[in-house]
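**Student:** Heads up: the sequence lines are chains A and B, in that order. Sequential numbering from 19 applies to the first sequence in our numbering. Sequential numbering from 3 applies to the second sequence in our numbering.
Because the hints were derived from the structure by calculation, they are not lab data. C-beta: ideal position from N, C-alpha, C; glycine also.
Quick look at which bits of chain A chain B covers, simulated, 3 or more residues with Cβ under 8 Å:
no., region
1, 98-104
2, 128-140
3, 144-155
4, 194-205
DSS-like cross-link-like pairs, simulated, lysine-lysine; straight-line CA separation at most 25 Å:
no., chain 1, residue 1, chain 2, residue 2
5, B, K168, A, K131
6, A, K215, B, K168
7, A, K131, B, K9
8, A, K253, B, K168
9, B, K175, A, K139
Residues per chain, in single letters:
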Amino acid sequence: MKSDSKLEKILKAGHFAFTGELGPPRGANVEHVREKAKPLVGNVDLVNITDNQTAMVRMASWAAALIAIQEGLEPNYQMVCRDRNRLAMQADILGAYALGIKNILCLSGDHQKFGDHPTAKGVFDIDSMQLVNMVKTMRDEGKFLGGADIEVPPKLFIGAAANPFAEPFEWRVHRLAKKVSAGADFIQTQCVFNMKKMREWIKRAVDMGLTEKTYILAGVTPMKSIGMAKYMASKVPGMDVPEEIIKRLQGAEKGKVADVGIEIACEQIEEFKEMKGVAGVHLMAIEWEHKVPEIAERAKVLPRPQV
Amino acid sequence: MIVAERKPFEEIKELVKEYKKVLVAGCGTCVAVCLTGGEKEVDILKTELDMARRLEDNPMSLAGFTVERQCDREYLEAFDSMVGDYDAILSMACGAGIQFLAERFPQIPVLPAVNTTFIGVNQDIGWYEERCRSCSNCVLGDTGGICPVTMCAKGLYNGPCGGTNKGSCEISKDQPCAWYMIYERLEKQGRLDRITRFTPVQNWENQVPRTLIQPGYRKPEKQ
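Let the sequences and hints guide you as you build the complete structure.
**Tutor:** Spelled out as structure tokens, the structure:
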């Protein structure tokens, strides 16, 4: 075992992983985090705690992650390169590990232009690939990026993101290979809606032997409304929402759109369970944490394995 | 070249409000080429300030003088005999020129009339685009002649990020994704191997004021 992570144990034992997400609040409201955490307990193996997502200031990811631990969840500490330099990153990694965080997800971060401080200086001292490699060096070699020894190295399970859909498609699997060689133990993909493209991407990853070196968790997001589907299709960069998804939601009976959204997500999860090279699903039920038990039930991923 | 943009007139007016005699100093190189701070622009600014102050019943005396380069002592010398007559100098050079002028005449306030914007290219008449952040560690040889530090909104060395959007950057449909362009160019050149390998962290060298002395001009080391 590379780390003390429960997710690593689950994946290593060959179980199909099921992970969730929790967005920290725009304030110091601890109860808000606890409320969002409750429906996730026992229904997911790991919960991603987002880091100033969409470049809006929120409670620190590590802080919300500690509250999640108190609630009985295993957090995946998200860290973006936008907000801190290599000194702050390494300090936060040590602090997070010291307080019981065992997983990290290394991300570039949405550009600050999108958030509530659009004129902030974007740090980007290092990029997400270099962050993956830095955490690996800290863990496996017990060394800081600057070369000095770390007294107690952080034994974190290292995650990274992948977008199978962005153009040029040909390049996507090579970029995945680069992340794997940099040290990514597991990958959580961008929300998958275009299953055809996903199948092709995974096939290429399998053919290149990448799925032997890393665990790929496919991103699934249930659509809550037609508006959300249209917004994701046209406004969210890097998202690929086929027209057929929107049509299917539009064809839903009155008041049943969200139900059809969950139905589509469950069908995807069923397919991922059988898809060669896919080790699990990362469910991003955006501001819909209370629906996770229902989705987990309907997708037949319960009970979660005890390791 | 270095591209600069004139400051808004109100800001310039505010900068010189307490002065009665002001010298507007132009620069004949980069800022003249980008139509911001050359001889012609010095004349225009002088006229604007003159009219504005007259309208306020607070006239000022203005003169204009443009040298070849404010970043060069050889040319700054021409100011020596004239600056004593003025309360302040309003420089239309880039930030380097303004500072060099201020360093030469420390007793006189030297004020900026422009915002230095970027190192860029002349795309068309009056149209300039940034191309270089002078990071001190050029990687253009590996990135198809497209700078990831300047042209990628996140300055990524191992791009593109997940926000790349059908050839555009996530910040705007009008901004091409640098890493999309890098991929396209290297693919055409058959050199994709340049970006399939991991690029380690950058050693930032632009975090302190930099000095360059060419080898032939270095002073011998002390014994």
